[in-house]
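Trainee: Take a look at the letters that make up each chain.
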Amino acid sequence: MRYRILVAAFAAATTCGYAGVASATDLEVTHWWTSGGEAAAVKELAKAFDATGNKWVDGAIAGSGGTARPIMISRITGGDPMGATQFNHGRQAEELVQAGLMRDFTDLAAKEKWTEIVRPKSLLDSCTIDGKIYCVPVNIHSWQWLWLSNKAFETAGVPVPKNWDEFVAAAPKLEEKGIIPLALGGQAWQSSGAFDVMLAALGGKDLFLKVYQDKDAEVAAGPEMAKIFKAADDARKMAKNSNVQDWNQATNLVITDKAGGQIMGDWAQGEFQIAGKVAGKDYTCLPGLGVTEMIATGGDAFYFPVQKDAAKTAAQEVLATTLLDPKTQVAFNLKKGSLPVRGDVDLNAANDCMKKGLDILAKGNVIPWTDQLLSQDSQKQKEDLMSEFFSNPNLSVEDAQKRFAEIIASAD
Amino acid sequence: MSSAGKRPSQLTRNLSAKIASIPMMLTALVIFVGGTAWTVFYSFTNSRLLPRLNFVGFNQYERLWAAPRWNVAVENLAIYGVLMLIFSLLIGFVLAALMDQKIRFEDTFRTIFLYPFALSFIVTGLVWQWLLNPDFGVQAVVRSLGWTSFTFDPLYDQRIVIYGILIAALWQGTGLVMCLMLAGLRGIDEDIWKAARVDGIPTWRTYVQIIIPMMRPVFITTLVIIAASIVKVYDLVVAQTSGGPGISSEVPAKYVYDYMFHAQNLGQGFAASTMMLLSVIIIVIPWAYLEFGGRKHA
Chain A
1 MRYRILVAAF AAATTCGYAG VASATDLEVT HWWTSGGEAA AVKELAKAFD ATGNKWVDGA
61 IAGSGGTARP IMISRITGGD PMGATQFNHG RQAEELVQAG LMRDFTDLAA KEKWTEIVRP
121 KSLLDSCTID GKIYCVPVNI HSWQWLWLSN KAFETAGVPV PKNWDEFVAA APKLEEKGII
181 PLALGGQAWQ SSGAFDVMLA ALGGKDLFLK VYQDKDAEVA AGPEMAKIFK AADDARKMAK
241 NSNVQDWNQA TNLVITDKAG GQIMGDWAQG EFQIAGKVAG KDYTCLPGLG VTEMIATGGD
301 AFYFPVQKDA AKTAAQEVLA TTLLDPKTQV AFNLKKGSLP VRGDVDLNAA NDCMKKGLDI
361 LAKGNVIPWT DQLLSQDSQK QKEDLMSEFF SNPNLSVEDA QKRFAEIIAS AD
Chain B
1 MSSAGKRPSQ LTRNLSAKIA SIPMMLTALV IFVGGTAWTV FYSFTNSRLL PRLNFVGFNQ
61 YERLWAAPRW NVAVENLAIY GVLMLIFSLL IGFVLAALMD QKIRFEDTFR TIFLYPFALS
121 FIVTGLVWQW LLNPDFGVQA VVRSLGWTSF TFDPLYDQRI VIYGILIAAL WQGTGLVMCL
181 MLAGLRGIDE DIWKAARVDG IPTWRTYVQI IIPMMRPVFI TTLVIIAASI VKVYDLVVAQ
241 TSGGPGISSE VPAKYVYDYM FHAQNLGQGF AASTMMLLSV IIIVIPWAYL EFGGRKHA
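Taken in sequence, the protein lines are chains A and B.
Read in order, the letters of the first sequence correspond to residues 1 to 412 in UniProt numbering.
Read in order, the letters of the second sequence correspond to residues 1 to 298 in UniProt numbering.
Please keep in mind that the hints were generated in silico from the structure rather than gathered at the bench.
No incorrect hints appear here.
Computed spacing ranges between beta-carbons, pair by pair: (1) B:V138 - A:T321: 55 to 61 angstroms; (2) B:I160 - A:T34: 32 to 38 angstroms; (3) B:K18 - A:G36: 55 to 61 angstroms; (4) A:V278 - B:S149: 37 to 43 angstroms; (5) B:A37 - A:D130: 33 to 39 angstroms; (6) A:A169 - B:V280: 52 to 58 angstroms; (7) B:A288 - A:D130: 51 to 57 angstroms; (8) B:E291 - A:D214: 55 to 61 angstroms; (9) A:G36 - B:V138: 32 to 38 angstroms; (10) A:D130 - B:P68: 33 to 39 angstroms.
Okay, the calculated bits of chain B under chain A, using three or more residues with CB under 8 angstroms as the criterion: (11) 36-50; (12) 239-253; (13) 256-270.
Partner residues aside, some chain A positions facing chain B, computed with beta carbon under 8 angstroms: (14) T77; (15) L96; (16) A99; (17) N243; (18) K380; (19) S387; (20) N392.
Just so it is clear, CB atoms sit at the ideal spot from N, CA and C, and this is done for glycine as well.
Work the whole structure out from these sequences, hints included.
Mentor: See the structure below:
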């Protein structure tokens with residue numbers, strides 16, 4: 001109830017200031033992009049926004065999204081909203097939208113024809129709640145990549161695998177030479193993410209959507225899922241010696257040829273680039289684990305909390321337009337290592353792996369990702385299960401699958 | 001008139017002191033009691049990111065006790081709590097008794113033992129994460145001395161990871177226990193020692209049967225301080241293992257935080273924190289009754 005009144009008040013303030021002319025306005029933007037490449041990418045956004053005559057006030061929050069999101073949410077619910085804020089598009093900000101704390105951009109979207117320029121369409125769908133658009137997607141990040149060290153396989157005397165099965169088959173040879181077959185960080189989101197990648201790549205799009213979109217507990221307990229759990233069992237055996245926590249430490253094991261491969265999102269590419277490695281020569285990337293060439297369209301988006309100040313409201317619109325501008329999209333995504341959200345931009349500077357991703361995107365082999373399909377609550381339960389499964393060899397495949405099916409049955 | 005002036009009512013006695021304590025009383029009532037009541041109340045709803053009044057009965061509690069992670073967390077807290085209590089009291093008391101032997105450089109030793117307490121749990125956790133890391137810490141040092149098959153990596157073995165955390169907590173906490181005990185020992189009259197010596201009672205028996213019973217108030221204070229630090233253990237785990245490997249070093253406080261803020265499920269977090277409160281009450285009430293209730297009758 002309280003929020004309704006707030007919304008009414010904000011709505012009134014918003015309509016009054018709608019005619020305001022854009023002039024130099026400070027707009028605070030919060031995000032959790034703090035690593036080297038990420039910060040460079042944010043600077044591109046800030047530069048583009050400052051060029052419109054407004055001022056980007058950077059509100060970077062160190063730590064990962066898990067640390068930053070509670071801070072952002074408490075600022076918005078606490079009545080001190082920032083001008084704009086990053087979330088992963090999907091369901092992270094769902095309740096904030098439902099409570100009327102986020103600004104509706106349907107009119108601007110219609111005026112600038114976002115539905116026509118944003119590709120794939122699913123990106124804008126996950127910004128849409130009850131037919132209204134509440135966020136601006138800025139990039140596409142996909143999880144479905146297997147990164148392999150060519151040198152590690154050379155040492156082991158086996159050819160670099162072309163798909164998951166060959167990789168599993170090569171594991172004993174790698175171990176003989178003291179190489180960890182699969183690098184996997186100890187944090188829960190990594191094992192959970194790797195599992196989802198196996199589900200999508202080895203099980204295919206239908207199985208993935210049946211489990212995560214339809215939340216079909218019978219399928220989750222069924223024989224097709226049992227195969228995925230068998231693969232996950234292989235993966236945990238291959239990863240049992242990787243004593244690292246952070247994802248970039250795990251990536252570093254692959255870069256330094258101490259590990260054969262890693263299942264990680266396209267952001268890992270930045271690490272290879274910084275280390276001066278060349279795609280195809282020093283490392284190999286297999287989208288969809290080399291089995292199903294398909295990428296998910298997770299990523300980042302900006303949400304705009306409802307503002308009282310008319311000038312800020314006007315500046316929010318300018319920022320939204322700027323974020324989707326072709327030039328900004330190219331500059332930002334090249335630094336970030338992610339794919340742009342519009343298909344009509346020129347990305348000649350992209351490297352081999354990025355081009356593979358663009359190709360798959362152009363073919364339309366895309367799926368929505370778990371951030372878009374599952375609530376944060378269900379995600380967390382899945383993470384708890386997967387981090388236990390990957391670290392505890394005594395948790396049997398059957399028990400794990402049974403518990404997974406229970407989570408899916410109660411998921412929302 | 002005169003009788004009223006001589007014997008003021010209970011309410012107006014020490015009036016200025018009572019007025020002065022009103023802000024603190026209000027704070028305690030509104031923030032502690034009120035906040036607690038609010039949390040318990042909302043634990044019966046299905047609130048997600050924002051508090052909502054949609055009652056679901058005991059659903060959150062059923063889900064909580066069915067969650068493997070919560071059960072692991074409770075079990076870990078039980079192991080950690082019991083051992084922490086025993087060992088910090090034992091080591092703290094023995095250190096204090098040794099210090100009390102009129103040794104040289106007592107100040108120096110006291111500083112050394114108390115020093116870790118000046119570090120936060122986060123720093124302690126990071127230090128011990130390095131020390132217990134098999135590639136850099138104790139294991140690496142012993143192996144470099146020649147025992148190449150020596151294995152000591154508690155933080156990477158899910159069966160014993162909680163003991164790795166216990167070691168760090170003991171290192172940090174026993175100094176304080178020692179200081180409290182030392183203060184207690186110094187409070188014992190020298191004549192008691194003399195009397196015991198005259199009677200020919202051996203030193204260890206003097207400690208066990210005379211000194212320790214006399215130090216009861218100090219023990220109670222120490223117990224409360226240690227127990228409070230046990231229930232709220234969170235930062236040490238976050239710094240040392242962040243709950244890993246897997247979920248094998250999770251603790252209840254971390255479950256509360258993760259489900260409230262990461263999983264955006266306030267109801268579940270509130271249910272877990274209510275269970276923590278309940279366990280504290282179950283321990284504290286009988287003890288408070290014995291300690292304070294009994295004395296009035298005596």
